[in-house]
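Novice: This note's numbering numbers the first residue of the sequence shown as 15 and each following residue consecutively.
In short, the hints are calculated from the structure, not lab data. Glycine included, every Cβ here is placed at the ideal spot set by N, Cα and C. One thing to keep in mind: the hints can contain errors.
With a cut-off of at most 25 Å between alpha-carbon atoms, the simulated BS3-like pairs for lysine-lysine come out as follows [stated by the list, open to error]: (1) LYS94 x LYS106; (2) LYS106 x LYS51; (3) LYS127 x LYS94; (4) LYS51 x LYS80; (5) LYS94 x LYS51; (6) LYS80 x LYS106; (7) LYS94 x LYS80.
Using C-beta positions, here's what the derived DEER-type ranges look like [stated by the list, open to error]: (8) PRO84 x GLN123: 29 to 35 Å; (9) ALA95 x SER132: 26 to 32 Å; (10) LYS106 x TRP63: 25 to 31 Å.
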Amino acid sequence: MSMLSLPHQHGDGCQEECLSRQLDRPEDFQVVANIFKLLDDTSRVRIFWLLCHCEECVINISALMKMTSPAVSHHLRQLKASGLIIGRREGKEVYYRAADTEQSRLLHQAIEKMMEISCPNGKGRRT
15 MSMLSLPHQH
25 GDGCQEECLS
35 RQLDRPEDFQ
45 VVANIFKLLD
55 DTSRVRIFWL
65 LCHCEECVIN
75 ISALMKMTSP
85 AVSHHLRQLK
95 ASGLIIGRRE
105 GKEVYYRAAD
115 TEQSRLLHQA
125 IEKMMEISCP
135 NGKGRRT
C-alpha cells in the first residue's frame, strides 16, 4: 500500500489515506448531490415533509400546498423517482407517503432540525 503524499503534512497521514480512498469514488457523492439538487425547490421540500407525517392523495396535497394538481404531480414524480416517497393505488386514487428507508428518515430529521434551528417557534419566519 502506498502512502499518500500531501503537499502539507499535518499529522500521521493515516486519516488522509482513508479519506483519499473515499474521495476517489465520485459516484458515491453523486447520489448525495442528486438528492440535494432535488431539494433545491421549496415546494418539493414541503411536499416531502408533509408526506413524512401523513399519507395523502394528489388532490389533498394540492389543497394543502395551495398548488395545482399538475404541479404537485410533477414534484411527486421527481420525489418518487428518487426513492424518497412511495405511492399505493386504491381504485383510481394514488396515495403517497415517505418511503420507509433510512435515507428518507434521515432527510426528514435533517429538515426538521434545520427548521428548528432556523425558525424556532416561528420566530425566524417572515410574515
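Novice: Does each hint hold? Answer for all of them.
Specialist: Results of checking the hints against the structure:
1. LYS94 x LYS106: holds (18 Å)
2. LYS106 x LYS51: Violated - the C-alpha atoms of LYS51 and LYS106 are around 31 Å apart, more than 25 Å.
3. LYS127 x LYS94: holds (23 Å)
4. LYS51 x LYS80: It holds: about 23 Å lies between the C-alpha atoms, which stays within 25 Å.
5. LYS94 x LYS51: Roughly 14 Å between the alpha carbons, so the hint for LYS94 and LYS51 holds.
6. LYS80 x LYS106: holds (22 Å)
7. LYS94 x LYS80: Given pair LYS94, LYS80 holds - Cα atoms ~21 Å apart, limit 25 Å.
8. PRO84 x GLN123: 29 to 35 Å: holds (31 Å)
9. ALA95 x SER132: 26 to 32 Å: holds (28 Å)
10. LYS106 x TRP63: 25 to 31 Å: Hint holds: Cβ distance 26 Å, inside 25 to 31 Å.
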